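K.L.:
For reference, the chains in residue letters:
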Amino acid sequence: MAGPAMVRQWIDERVDLRGMFAPLMDKTVPRHRYSHWYLLGGVTLFLFGVQVCTGLLLLLYYRPSTSEAYESLQYLTNRVEFGWLVRSVHSWSANLMIFMAFAHMFSVAFLRAYRKPRELTWMSGMVLLLLCLGFGFSGYLLPWNTLSFFATKVGTEVAGRVPVIGHPTLVFMRGGEDIGAATLARFFSLHVVILPALTVGMILLHLLLVQKFGMSVPPSVEKEGPRFGNKVKFFPNYFLRDVMTWSVALAALLILAVVHPAELGKKADPFGPAPAGIKPEWYFLAQFQTLRLLPATILHIDGELIGVLGFGLAGALWLVLPLLEGRLGRKSGHWARVAVLAGLVYLASTTLYAYFTT
Amino acid sequence: MLSKAVSAPSCETAESLAKPKTRRSALRYLMGGSLAAVWMSFVYPLIRYLIPPAEAAATANEALAGAMGELKPNSAKTFRFGNHPALLIHRPDGQYQSMSAVCTHLGCTVQYQPETQQIWCPCHNGRYDLNGRNLQGPPPRPLTTFDIKVRGEEIHVSRRQDA
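Protein chains in written order, with the working numbering: chain A, 3 to 360; chain B, 3 to 165.
In case anyone wonders, no lab produced these hints; they're calculated from the structure.
Note that the structure is predicted; figures quoted are calculated from it, not measured.
In this text, a Cβ means the ideal position worked out from N, Cα and C, and glycines have one as well.
Heads up, some of the hints might be wrong.
[To be verified] Partial selection, computed: residues in chain B whose CB lies under 10 Å from chain A: (1) 80; (2) 86; (3) 127.
Using the sequences and the accompanying hints, generate a full structural model.
P.N.:
Now the structure itself:
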């Protein structure tokens, strides 16, 4: 017997590898005209893996202090071989991961895959999306450049506008009243320790739930009844499709990272003016544009307070969408789709509006 | 028949358990109470630890904003006033004006636009006039204005006494 086979047999005799992986080997995936949408969750997970790997590499050179953060990234970009590439891949992969998470969420919403018994899978996915946005928000400050400084200023100020808990939250996030060394220290530990730990736990829960319930078949396909060959084995058939999709994602990621390397901008100056044309990352543009469009006061209430509470309410409703749908009766599916479409149209139109206007 | 058979012993059991049950619930309260106390003794210091100590508030009442002749008419600069940025404007009419550069909307740092002779916040497109009054966009309140004192060649600004 050859070496690797002997090792495998040795391990198998002790821990029963076959038994351990049996659920994965027996797993099947439904096959129908919408089944390619199932790939999006896997791509998001793959990009998270890219983030972990490139993040670990960046940690070798990054120094989390206001006097050194920007300089350490200048050094990484200009002196370290392929430093620019690692940073660029991390930045692009972050954007693609959030895009894929949104695409995955909307595909689940349109196919109504969140229906009983998968409500908790949907909610754990929403928590994962929030964690992704937390990664984006906290990671954005780390280069300590002008854009990141003001993005953090506005972002924490928005949190500060929530009644009662707003100001304590702002102080907690900033590590004081203003943005400075304490904020950078907090955001750094959040970005590299706390959020990754929470995310890994939440991903395990999400995958466990997906594994437990299997893939959801859309109601329209279910109505057509069972037909021959309507499922494929997960391993190796579907897994190979996953790997193919990941390869395409990796290729796209590398092209973007090489053609449009991440910029470093100018070092943050806490007492300098905000630069003209300042905008947050694209995934916060919808909120940004809404805050820009709201008037200063609406019925004697500050406009931004209404905006902040509106986002909170919309997010909460979105989180419990599976529970709401059940209460809408016979036409529930129709109304759920209308709500999802309205949400998508609002997010897409305000994002594009903000992107193409100054 | 079956329901009787089941319900009768359950009644009996409940009666016979009545006494130990109160003892058990008392123990549960004690146990739960002490666990809650232990939990609080962990959580309280943790929460206090997470909240940063209050810093001495920026009590700066006066700051050096710049020098005479440093700014051409219809131009401005930002300078540090305590812990926050402030704006010194040399108006087109030759007067100096100073105010907080912290936008009253969401705290971005505003800048002077010579072409419009307005103060502009690039973050959400808010506009103020030369006196700091909010004109357009989301800012809900005017900018805090400061008093100006010229000592020799130096321009000093201070908080308004009535503010």
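K.L.:
Now tell me, hint by hint, if it's right for this structure.
P.N.:
Against the structure, the hints come out as follows:
1. At its closest, the beta carbon of residue 80 of chain B sits 6 Å from a beta carbon of chain A; the interface hint therefore holds under the 10 Å criterion.
2. Interface hint at residue 86 of chain B: satisfied, since its Cβ lies 8 Å from the closest Cβ of chain A, which is below the 10 Å cut-off.
3. For residue 127 of chain B, the interface hint holds, since its Cβ comes within 10 Å of a Cβ in chain A; the closest pair sits about 6 Å apart.
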